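Colleague: Single-letter residue listing:
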Amino acid sequence: MKIIASYNIKGGVGKTATAVNLAYLSAREGYRTLIWDLDPQGAATYYFRVKPKVKGGTKALVSGHQDLDDLVKGTDFERLDLLPADFSYRNMDLLLEDNKRPTKQLQKLLAPMAIAYDYVFLDCPPSISLVSENVFRASHALLVPMIPTTLSARTLAQLQDFLEGHDGLGKTNLMPFFSMVDRRKHLHLHLMESLPQSFPSFLKTSIPYATEVERMGITRMPLPAYAPSSNPVTRAYEALWQEIKAGIKGSAMWATAG
Amino acid sequence: MNEFDQAYLVPDGTDLQGIKDALEARCRIGEDEPRHLLRRFHDTFDWSLYLAGGVLEERIDGHQRVMMWRDLNDEVPVLACELDRDLGFAADLPPGPDTERLARLLGIRRLLPLLDVHSRILTWRLLNEDDKTIARLELEQNRYDDKARERQGPISTRLRLHAVKGYEADFRDTARLLNEELGLSLVRTELLLEALASAGRKPGDYSSQLNFRLDPDRRADATTKEILLHLLNTIEVNVPGTRDNLDSEFLHDLRVAVRRTRSALTQIKDVFAPDVVEQYKDAFGWIGEFTGPVRDLDVYLLDFNAYQACLPEPLRPHLEPLRDFIHAHYGEEQKNLVEHLDSKRFRDLLRDWRAFLEAPVPESSVVPNAMRPVMAVANDRIWTMYRRVRKEGRAMTPASPAEDMHELRKSCKKLRYLIEFFDSLYPKQEVRQLVKLLKVLLDNLGKFQDLAVQADHLREMAQRMRDEDRASTDTLLTMGILVGDLLEHQHRAREEFAEIFAGFDSDEHQGLFKSLFDAQKRQGKGA
Ligand SMILES: Nc1ncnc2c1ncn2[C@@H]1O[C@H](COP(=O)(O)OP(=O)(O)OP(=O)(O)O)[C@@H](O)[C@H]1O
Ligand SMILES: [Mg+2]
Chain A
67 MKIIASYNIK
77 GGVGKTATAV
87 NLAYLSAREG
97 YRTLIWDLDP
107 QGAATYYFRV
117 KPKVKGGTKA
127 LVSGHQDLDD
137 LVKGTDFERL
147 DLLPADFSYR
157 NMDLLLEDNK
167 RPTKQLQKLL
177 APMAIAYDYV
187 FLDCPPSISL
197 VSENVFRASH
207 ALLVPMIPTT
217 LSARTLAQLQ
227 DFLEGHDGLG
237 KTNLMPFFSM
247 VDRRKHLHLH
257 LMESLPQSFP
267 SFLKTSIPYA
277 TEVERMGITR
287 MPLPAYAPSS
297 NPVTRAYEAL
307 WQEIKAGIKG
317 SAMWATAG
Chain B
7 MNEFDQAYLV
17 PDGTDLQGIK
27 DALEARCRIG
37 EDEPRHLLRR
47 FHDTFDWSLY
57 LAGGVLEERI
67 DGHQRVMMWR
77 DLNDEVPVLA
87 CELDRDLGFA
97 ADLPPGPDTE
107 RLARLLGIRR
117 LLPLLDVHSR
127 ILTWRLLNED
137 DKTIARLELE
147 QNRYDDKARE
157 RQGPISTRLR
167 LHAVKGYEAD
177 FRDTARLLNE
187 ELGLSLVRTE
197 LLLEALASAG
207 RKPGDYSSQL
217 NFRLDPDRRA
227 DATTKEILLH
237 LLNTIEVNVP
247 GTRDNLDSEF
257 LHDLRVAVRR
267 TRSALTQIKD
277 VFAPDVVEQY
287 KDAFGWIGEF
297 TGPVRDLDVY
307 LLDFNAYQAC
317 LPEPLRPHLE
327 PLRDFIHAHY
337 GEEQKNLVEH
347 LDSKRFRDLL
357 RDWRAFLEAP
367 VPESSVVPNA
377 MRPVMAVAND
387 RIWTMYRRVR
397 KEGRAMTPAS
407 PAEDMHELRK
417 SCKKLRYLIE
427 FFDSLYPKQE
437 VRQLVKLLKV
447 LLDNLGKFQD
457 LAVQADHLRE
467 MAQRMRDEDR
477 ASTDTLLTMG
487 ILVGDLLEHQ
497 HRAREEFAEI
507 FAGFDSDEHQ
517 GLFKSLFDAQ
527 KRQGKGA
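Here the protein sequences come in this chain order: A and B.
Those letters in the first sequence? Residues 67 to 324, by this note's numbering.
Those letters in the second sequence? Residues 7 to 533, by this note's numbering.
By construction, these hints were calculated from the structure, which means they are not laboratory data.
Hints should not be assumed to be uniformly reliable.
Stated by the list, open to error - Calculated cross-link-like contacts (lysine-lysine; reagent style DSSO-like; alpha-carbon spacing at most 30 Å):
id	chain 1	residue 1	chain 2	residue 2
1	A	Lys117	B	Lys171
2	B	Lys171	A	Lys311
3	A	Lys121	B	Lys397
4	B	Lys171	A	Lys139
5	A	Lys315	A	Lys174
6	A	Lys139	B	Lys434
7	B	Lys171	A	Lys119
8	B	Lys434	B	Lys275
Stated by the list, open to error - Only part of the chain A face toward chain B is listed, based on derived beta-carbon distances under 10 Å:
id	residue
9	Glu95
10	Gly96
11	Tyr97
12	Asp135
13	Val138
14	Gly140
Quick caveat, the model's predicted, so the values are computed rather than measured.
Note that the Cβ used here is the ideal one computed from N, Cα and C, for glycine as well.
Required output: the full structure, derived from the provided sequences and hints.
Modeller: Below, the structure is given as structure tokens:
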């Protein structure tokens with residue numbers, strides 16, 4: 067089982083779109099896939115038409131009193147399951163602190179799912195917190211979608227500082243990539259040239275800005291389920307998925323984590 | 007069946023729209039495009055998977071092709087994997103730890119298609135207020151297609167209910183609706199069995215085993231006809247498979263049934279008119295002859311790896327030209343075999359023989375054993391043959407010629423067949439013990455003779471390969487080593503004979519034969 071997180075300190079950069087669409091592609095390819103919506107706002111949960119509710123709330127879940135497997139909902143798509151969001155996730159940080167090893171609790175909770183799933187996607191809320199630290203430790207790949215702006219470049223540097231400053235996080239398999247790219251904007255093009263030079267792990271694929279993506283909120287489906295492969299954004303997500311899979315296989319993390 | 011996967015039987019004439027309406031009264035329904043599913047069931051010619059309680063399906067669903075091995079009446083597979091090749095022998099199975107178990111069950115036999123079931127599947131998705139799928143129903147309209155027998159027709163429609171994880175309560179609600187309100191009941195018959203029954207076939211409808219329930223007081227001639235009729239059925243069942251050469255076991259079983267037929271004819275003495283016995287003894291001898299060459303080649307091919315394995319490693323590749331040679335001549339021998347099977351003479355023979363066997367026995371007969379109770383005849387024949395085996399075996403010395411060993415083997419075989427024909431007349435356990443004993447003895451005698459024949463044969467093939475310029479010196483030398491090896495094993499079999507025969511001829515076993523066949527004989531006379 068490989069765990070892939072979609073994360074950025076910033077909001078509204080395409081984290082949820084990434085997690086939902088990649089999870090769908092993974093399942094479509096034949097992998098048993100789980101997506102865990104960690105964001106109390108429950109956007110991913112909404113896209114899959116599932117009620118944002120977790121039996122027993124965050125407390126039962128984080129303490130390990132509630133089997134993760136019992137909370138899982140089948141989506142409308144074969145092999146793709148969802149662990150829904152719950153509004154009480156906003157208190158997750160506090161509840162994590164109550165554990166013996168507060169930064170490794172997520173990893174521990176996910177471990178038993180290894181028999182049932184090949185890939186787990188984590189859709190993360192925008193912030194840097196104990197939840198995110200748990201996510202970093204559990205993940206085999208940390209996807210960071212970013213809009214090509216100068217501010218984004220700074221947050222990526224911040225993230226890297228954070229990882230390097232914490233024990234055992236220096237080797238995190240960081241995979242930034244550009245999202246919502248508008249090729250008409252000069253600044254976008256410029257940053258897309260320069261930024262990857264200082265981040266060797268930057269992914270080659272980027273996701274263009276397109277209104278079809280916004281329609282996910284109306285159709286309440288992953289993009290490739292309603293936009294065929296002839297659509298350039300669908301194609302971009304397909305390419306992104308292949309690149310990520312190859313990146314996970316090739317990484318040194320693969321041998322140690324999970 | 008899985009707790010959250012249920013299949014309901016939809017009786018003929020059910021109003022399908024009515025089912026849908028009843029569901030729609032509860033919730034919205036999403037309907038997917040109808041799709042087509044093909045299930046091709048496979049088994050070996052002797053139903054080894056079925057007899058082990060299993061079913062092997064090849065499923066073609068859209069562009070997906072999978073193999074599923076499951077228990078009868080159970081939809082959850084023991085093994086499911088994608089299939090990128092045609093099924094055949096164990097070696098053709100996709101590799102993996104689970105397929106190994108299947109491979110062991112198959113042994114040397116080949117998977118053959120039993121029949122197909124075509125399904126047109128209509129999927130209804132039950133939706134909640136968010137249009138989220140909370141359960142799936144698949145209406146499956148089925149037809150069987152028995153290609154080999156050119157039969158096809160409809161079989162029962164099934165409605166399958168699948169749960170969506172996390173919506174088990176909705177699944178239970180729907181199950182209740184189907185069951186209690188619509189009166190549908192769960193399917194109890196395995197799809198394969200239903201399809202076979204509709205095609206007029208019985209699973210396991212072929213067995214080369216003799217399995218009689220004889221009536222000890224019935225006339226010997228009528229009982230012998232019953233035995234021979236079973237053997238004829240076995241011969242006929244195996245003809246198509248032998249002709250198509252799908253598996254060497256067809257020919258093997260055909261030949262065994264032919265040998266048993268000759269044995270029953272000549273060894274259950276004086277139940278039919280002598281000219282009938284003469285005529286058919288020769289006719290079945292003819293079948294034995296024309297089926298021999300292909301069987302010999304089959305034996306070589308089946309044993310080839312074992313042959314190779316007993317050679318020193320560096321020499322093994324030199325034996326490959328022999329395999330090529332066998333393959334090269336195989337086609338020609340098989341063609342010759344098929345011509346015989348398709349000949350008028352062969353067809354007439356089986357037809358006339360069946361007519362004779364199916365005709366009622368004459369009300370009275372002057373043939374000495376015809377009207378005696380079969381039990382008395384069986385006792386006589388087995389006791390006589392046993393004494394012959396004993397006499398010949400006891401006379402054997404290390405200096406006895408090979409022909410004596412061959413004679414003894416023939417007597418032993420006759421004895422074994424007689425006991426097997428009549429085993430239902432005797433206590434099961436004792437008879438089984440005696441047959442086992444005979445098998446050990448026959449195994450030894452068989453080794454002695456067959457290994458010599460094989461060595462001869464190899465020499466002959468080496469000669470032919472040289473004539474056809476198909477063998478290098480290395481190959482010929484390697485074959486020479488093999489001949490030496492075979493003869494050495496043969497020699498060893500000869501040395502082991504005395505001890506094995508002594509085991510057969512122990513006081514205890516003598517007593518057993520006597521109590522079963524001789525004592526009863528005396529009782530029979532007294533009655
Ligand atoms: N490539 C794209 N082109 C156009 N719109 C996009 C694209 N990707 C995402 N969007 C839209 O941008 C908005 C934010 O996207 P998304 O929810 O995926 O981001 P997020 O990082 O998960 O946000 P949050 O931080 O609020 O969780 C959504 O309305 C989404 O439909
Ligand atoms: Mg989000």
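Colleague: Would you mind marking each hint as holding or not holding in the structure?
Modeller: Do the hints match the structure? See the list:
no. : hint                : verdict
1   : A/Lys117 x B/Lys171 : 14 Å, holds
2   : B/Lys171 x A/Lys311 : 27 Å, holds
3   : A/Lys121 x B/Lys397 : 85 Å, violated
4   : B/Lys171 x A/Lys139 : 5 Å, holds
5   : A/Lys315 x A/Lys174 : 22 Å, holds
6   : A/Lys139 x B/Lys434 : 58 Å, violated
7   : B/Lys171 x A/Lys119 : 15 Å, holds
8   : B/Lys434 x B/Lys275 : 24 Å, holds
9   : Glu95               : 13 Å, violated
10  : Gly96               : 9 Å, holds
11  : Tyr97               : 14 Å, violated
12  : Asp135              : 9 Å, holds
13  : Val138              : 6 Å, holds
14  : Gly140              : 4 Å, holds
Checked against the numbered hints listed earlier, the structure breaks hints 3, 6, 9 and 11; every other hint is satisfied.
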